[in-house]
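Undergrad: Chains as they are written, first to last, in my numbering: chain V, 23 to 412; chain P, 36 to 167.
Bear in mind the hints are in silico, worked out from the structure with no lab data behind them. Hints are not guaranteed to be accurate.
As the list claims (entries may be wrong) - Covered, in the sense of this in silico footprint (three residues per stretch, anywhere, with C-beta under 8 Å from a C-beta of chain V), are these stretches of chain P: (1) 44-54; (2) 92-98; (3) 102-108; (4) 151-162.
Said to hold, decoys possible - Just a sample of chain P residues kept apart from chain V, beta carbon distances all over 10 Å, derived: (5) V41; (6) D61; (7) C72; (8) G114; (9) D116.
Unchecked claim - Some but not every residue of chain P turned toward chain V, in silico, with C-beta under 7 Å: (10) V63; (11) P112; (12) E113; (13) L115; (14) Y119; (15) I141.
Heads up, the beta-carbon is just placed ideally off N, CA and C, and yes, glycines get one too.
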Amino acid sequence: MARASIVGAGMTKFGTHADETLAELFAEAALPALDDAGAGPDEVDALYFGNTSAAISENDTHLGPKAASQIGLAGVPTQRFEDACATSATATKHAVAAIEAGLHDVVLVGGAERCTPASGLDTDEMTRVFASAASRHYEQPVGLTFPGVFALLTKRHMHEYGTTREQLAEVAVKNHHHGSLNPRAQHGMEITHEDVFDGPLIADPFHLYDCCPFSDGASAILLVSEDAADSYDSTPVDINGIGHASGGVPLSEQSAFTATRAARDAAAEAYAQADIDAGEVDFAEVHDCFTGAEILATEALGLFEDGEGGPAVADGRTALGGEVPVNPSGGLKAKGHPIGATGTAQLVELTEQLRGDAGDRQVEAPTTGAAHNLGGEAATTVVTVVEARP
Amino acid sequence: MTADEVPAYAEGTGLAHATWARALRDGVLLGQECSDCEHVLGTPKSVCPACSGRSLVTVRLPTSGEVFSETTIEVTPEGLDDRYQVAVVDLGPTRLLARVADEVEIGDPVVFDGFVQYEDLPGPRFVAEPTG
Ligand SMILES: [Zn+2]
């Protein structure tokens with residue numbers, strides 16, 4: 023029994039969207055999602071909207087009604103979610119629960135975000151905004167940044183398991199290759215290991231190309247009950263599990279550290295709901311905000327044993343054509359990371375892949391995909407299992 | 036790590052951030068120890084994460100430890116220096132994030148050495164343990 027079904031999916035190209043309002047940007051993803059399903063705004067019962075930073079970066083709050091009004095949904099119940107980079111995955115979780123409970127029948131879920139210098143803040147200002155997700159009182163004063171969070175996790179992983187800089191670079195090279203096949207990716211160019219090593223340091227071991235870019239963009243999905251899904255124009259895919267867990271703040275006190283406990287708990291919960299094990303996952307979109315984060319994620323999802331995530335990427339096991347392609351969209355690394363839009367953008371990719379509509383980056387005949395969306399210092403993680411209908 | 040060496044203004048239970056920060060500015064690194072299960076925290080909480088106990092006694096943390104992980108941050112937030120190193124320091128009973136003043140690596144011994152400040156909030160500072 024599916025918990026809910028995706029009948030519409032849409033997203034903007036990720037990159038720079040400096041000349042639109044946030045609501046206009048969201049419309050560029052939401053209307054294609056509705057059109058994909060063949061649904062009009064009058065059929066939508068609720069909007070679950072994600073945005074992380076506009077309250078700080080654009081002095082723009084109470085975004086649910088603003089986004090709803092832009093797309094003909096004024097009047098429906100709407101709320102805005104903020105869970106750092108996991109924002110629109112948690113919005114999806116609540117939308118699925120609302121459908122299951124009979125609270126709403128048709129829910130539009132998505133997010134919009136602007137982080138590029140062209141659309142607002144300079145790099146040091148946006149670095150401060152991102153760092154606001156770290157502990158205000160015990161981490162920000164020390165100067166911890168988000169590259170810093172994942173650098174601490176990754177250097178410990180390198181120390182414990184022998185993960186190498188070359189393996190980290192291979193994540194970037196692979197995801198840029200995947201992104202070169204995705205017309206909506208912010209970075210459509212291929213890169214080499216030398217490009218990674220020659221880039222400026224951000225927080226060692228991460229150079230510029232180990233890090234996802236600042237991005238603007240939006241994404242949206244239309245959710246309905248499993249039984250209602252057949253009445254829409256598109257090929258539906260089923261959300262069969264969503265797991266959600268939190269990890270302790272501050273990061274230093276997380277007992278497991280490199281294990282990212284929240285991701286393991288979320289994955290176990292999602293797999294149990296979907297009645298699958300990790301071995302049945304055909305491909306995954308994971309939260310590769312930094313190259314090391316992808317390696318930690320593939321281990322937390324159980325795709326590889328602890329310590330095997332680095333060798334796996336180096337051996338091509340996570341590339342398109344490999345045994346379990348990871349981030350066929352290009353991931354946050356190449357596709358881009360407009361924070362509050364990332365969670366539902368992962369589900370857009372899962373939907374297109376499971377429909378067989380992913381073009382040059384199509385995974386070979388997948389039936390089960392997993393999305394791993396992480397927020398803050400691994401302090402929120404949502405894992406979603408999406409499957410094609412038999 | 037004992038309860039009898041904490042400043043008078045911090046004695047007892049119920050350590051709040053304001054007191055933790057005042058002590059840090061005074062050169063004292065405070066934490067909490069659970070009366071029920073002896074779990075130690077470097078940053079104050081209202082409830083013990085290990086046993087859900089609420090009797091968290093204010094204690095002085097150890098002032099020396101070992102680098103558990105570290106990174107040098109080169110792209111820094113608005114208002115901070117251009118380049119600095121941070122580390123998760125393993126103090127034994129708990130781990131604590133700190134700024135470090137010297138080039139240290141995982142496993143290096145470090146000692147508490149005052150505080151840094153950002154937007155009027157203090158954070159702990161450690162330095163490499165002097166050799167010899
Ligand atoms: Zn306790």
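Undergrad: Is the Cβ of V41 (chain P) farther than 10 Å from every Cβ of chain V?
TA: V41 (chain P) is indeed farther than 10 Å from all Cβ atoms of chain V, at 18 Å.
Undergrad: With 10 Å as the threshold, tell me whether D116 (chain P) passes as away from chain V on beta-carbon distances.
TA: Non-interface label on D116 (chain P) violated, nearest chain V Cβ at 8 Å vs cutoff 10 Å.
Undergrad: Would C72 (chain P) pass as off the interface with chain V, using Cβ distances and a cut of 10 Å?
TA: Fine: 14 Å to the nearest Cβ keeps C72 (chain P) off the interface.
Undergrad: Checking hints one by one. Is E113 (chain P) an interface residue toward chain V, by the C-beta closer than 7 Å rule?
TA: holds (4 Å)
Undergrad: Would the hint on V63 (chain P) stand, with a C-beta cut-off of 7 Å toward chain V?
TA: Violated - the Cβ of V63 (chain P) stays beyond 7 Å from chain V, reaching only about 16 Å at its closest.
Undergrad: Measuring Cβ to Cβ, find out whether G114 (chain P) lies farther than 10 Å from everything in chain V.
TA: G114 (chain P) is in fact no farther than 10 Å from some Cβ atom of chain V, at 7 Å.
Undergrad: In terms of beta carbon proximity below 8 Å, does the segment 151-162 of chain P have 3 or more residues touching chain V?
TA: Since 8 is at least three, the answer is holds.
Undergrad: How about P112 (chain P): closest beta carbon in chain V under 7 Å, or not?
TA: The hint holds - P112 (chain P) has a Cβ within 7 Å of chain V, the shortest such distance being about 4 Å.
Undergrad: Against chain V, with CB atoms and a cut of 7 Å, does the hint on I141 (chain P) hold up?
TA: holds (5 Å)
Undergrad: Return the status of the interface hint for L115 (chain P): holds when the least beta-carbon distance to chain V is below 7 Å, violated otherwise.
TA: holds (5 Å)
Undergrad: Please check whether the segment 44-54 of chain P has three or more residues whose CB lies within less than 8 Å of a CB on chain V.
TA: Violated: only 1 residues of the segment 44-54 of chain P have a Cβ under 8 Å from chain V.
Undergrad: Decide, holds or violated, for the assertion that all CB atoms of chain V are farther than 10 Å from the CB of D61 (chain P).
TA: holds (16 Å)
In terms of the numbered hints stated before, the structure departs from hints 1, 2, 8, 9, 10, listed from lowest to highest.
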